[in-house]
Amino acid sequence: QKEVEQDPGPLSVPEGAIVSLNCTYSNSAFQYFMWYRQYSRKGPELLMYTYSSGNKEDGRFTAQVDKSSKYISLFIRDSQPSDSATYLCAMTSPGNQFYFGTGTSLTVIP
Amino acid sequence: KAGVTQTPRYLIKTRGQQVTLSCSPISGHRSVSWYQQTPGQGLQFLFEYFSETQRNKGNFPGRFSGRQFSNSRSEMNVSTLELGDSALYLCASSYSGGAETQYFGPGTRLLVL
Numbered sequence: 001q002k003e004v005e006q007d008p009g010p011l012s013v014p015e016g017a018i019v020s021l022n023c024t025y026s027n028s029a030f031q032y033f034m035w036y037r038q039y040s041r042k043g044p045e046l047l048m049y050t051y052s053s054g055n056k057e058d059g060r061f062t063a064q065v066d067k068s069s070k071y072i073s074l075f076i077r078d079s080q081p082s083d084s085a086t087y088l089c090a091m092t093s094p095g096n097q098f099y100f101g102t103g104t105s106l107t108v109i110p
Numbered sequence: 001k002a003g004v005t006q007t008p009r010y011l012i013k014t015r016g017q018q019v020t021l022s023c024s025p026i027s028g029h030r031s032v033s034w035y036q037q038t039p040g041q042g043l044q045f046l047f048e049y050f051s052e053t054q055r056n057k058g059n060f061p062g063r064f065s066g067r068q069f070s071n072s073r074s075e076m077n078v079s080t081l082e083l084g085d086s087a088l089y090l091c092a093s094s095y096s097g098g099a100e101t102q103y104f105g106p107g108t109r110l111l112v113l
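Protein sequence lines correspond, in order, to chains A and B.
Start counting the first sequence at 1; every next residue gets the next number (the working numbering).
Start counting the second sequence at 1; every next residue gets the next number (the working numbering).
Pulled out of the complex, with its shape left as it was, chain A reads as follows (with noise of 0.2 Å):
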């Protein structure tokens, strides 16, 4: 089993919409939890990270993160063409390696 899974789509989605993606964890020891968005041939950007359960906002995004069911989302309201990429769930262990999903791809139909 890996230590984070993701559901990598693709998802394609009409403008406008709410997209919710997600990724789950075998590890409970896992201590920050980011998402990072991936444009074609760029590296990964961050775009949230959080260390405690709860929902943390900042803008059209919002990071969740259930630690009791080993379970991470990110949302994405009023979705525009920009936001067209693959979005990469990632967390850390207590020794600090990073461990990544496999990613999902998303698409934004204007």
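Read the hints as simulated data drawn from the structure, not as lab findings.
Virtual Cβ for every residue (Gly too), placed ideally from N, Cα, C.
Some hints could be false.
[Said to hold, decoys possible] Here are the simulated distance ranges between beta carbons:
| # | chain 1 | residue 1 | chain 2 | residue 2 | range |
| --- | --- | --- | --- | --- | --- |
| 1 | B | N77 | A | N27 | 28 to 38 Å |
| 2 | A | G9 | B | Q18 | 34 to 44 Å |
| 3 | A | P110 | B | S51 | 44 to 54 Å |
| 4 | A | N55 | B | L111 | 41 to 51 Å |
| 5 | A | D66 | B | R109 | 28 to 38 Å |
| 6 | B | K13 | A | S68 | 39 to 49 Å |
| 7 | B | Q18 | A | D78 | 47 to 57 Å |
| 8 | B | T20 | A | Y51 | 29 to 39 Å |
| 9 | A | N55 | B | Y95 | 24 to 34 Å |
| 10 | B | G28 | A | S68 | 31 to 41 Å |
| 11 | B | G62 | A | K2 | 16 to 26 Å |
| 12 | A | I109 | B | F69 | 40 to 50 Å |
Given the coordinates of chain A, assemble chain B onto it according to the supplied hints.
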């Protein structure tokens, strides 16, 4: 502030050869991490260097090695290349290795024939 730079951007090698990839971190960043990204496995952590010392290591064979120089620039070497080493190699820099401050470079795409 200039971002993380990686050279070369593209590379074609044949099986059995070796390759060296370079990463220049953001000015002031002392931590450099290397990752391998493939469609099937996603992003996998190779190793992290901090102040010229390897601080963390992922589960890759000894053919994968790295080093960091006093100016924080880092190199990654892969010896005896295999077809399965074809991937996008990404480096990321941060001031101290914290999750919230990690910035990725554009990557080096390696193709092994």
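A quick look at each hint next to the structure:
1. B:N77 / A:N27: 28 to 38 Å: holds, 30 Å
2. A:G9 / B:Q18: 34 to 44 Å: holds, 36 Å
3. A:P110 / B:S51: 44 to 54 Å: holds, 48 Å
4. A:N55 / B:L111: 41 to 51 Å: holds, 42 Å
5. A:D66 / B:R109: 28 to 38 Å: holds, 36 Å
6. B:K13 / A:S68: 39 to 49 Å: Once the Cβ atoms are compared, 47 Å apart, the range 39 to 49 Å for S68 (chain A) and K13 (chain B) holds.
7. B:Q18 / A:D78: 47 to 57 Å: holds, 49 Å
8. B:T20 / A:Y51: 29 to 39 Å: holds, 37 Å
9. A:N55 / B:Y95: 24 to 34 Å: holds, 27 Å
10. B:G28 / A:S68: 31 to 41 Å: holds, 38 Å
11. B:G62 / A:K2: 16 to 26 Å: Since G62 (chain B) and K2 (chain A) have Cβ atoms about 23 Å apart, the given range 16 to 26 Å holds.
12. A:I109 / B:F69: 40 to 50 Å: The hinted range 40 to 50 Å holds for I109 (chain A) and F69 (chain B), with Cβ atoms some 47 Å apart.
Comparing the model with each numbered hint stated earlier shows that all of them hold.
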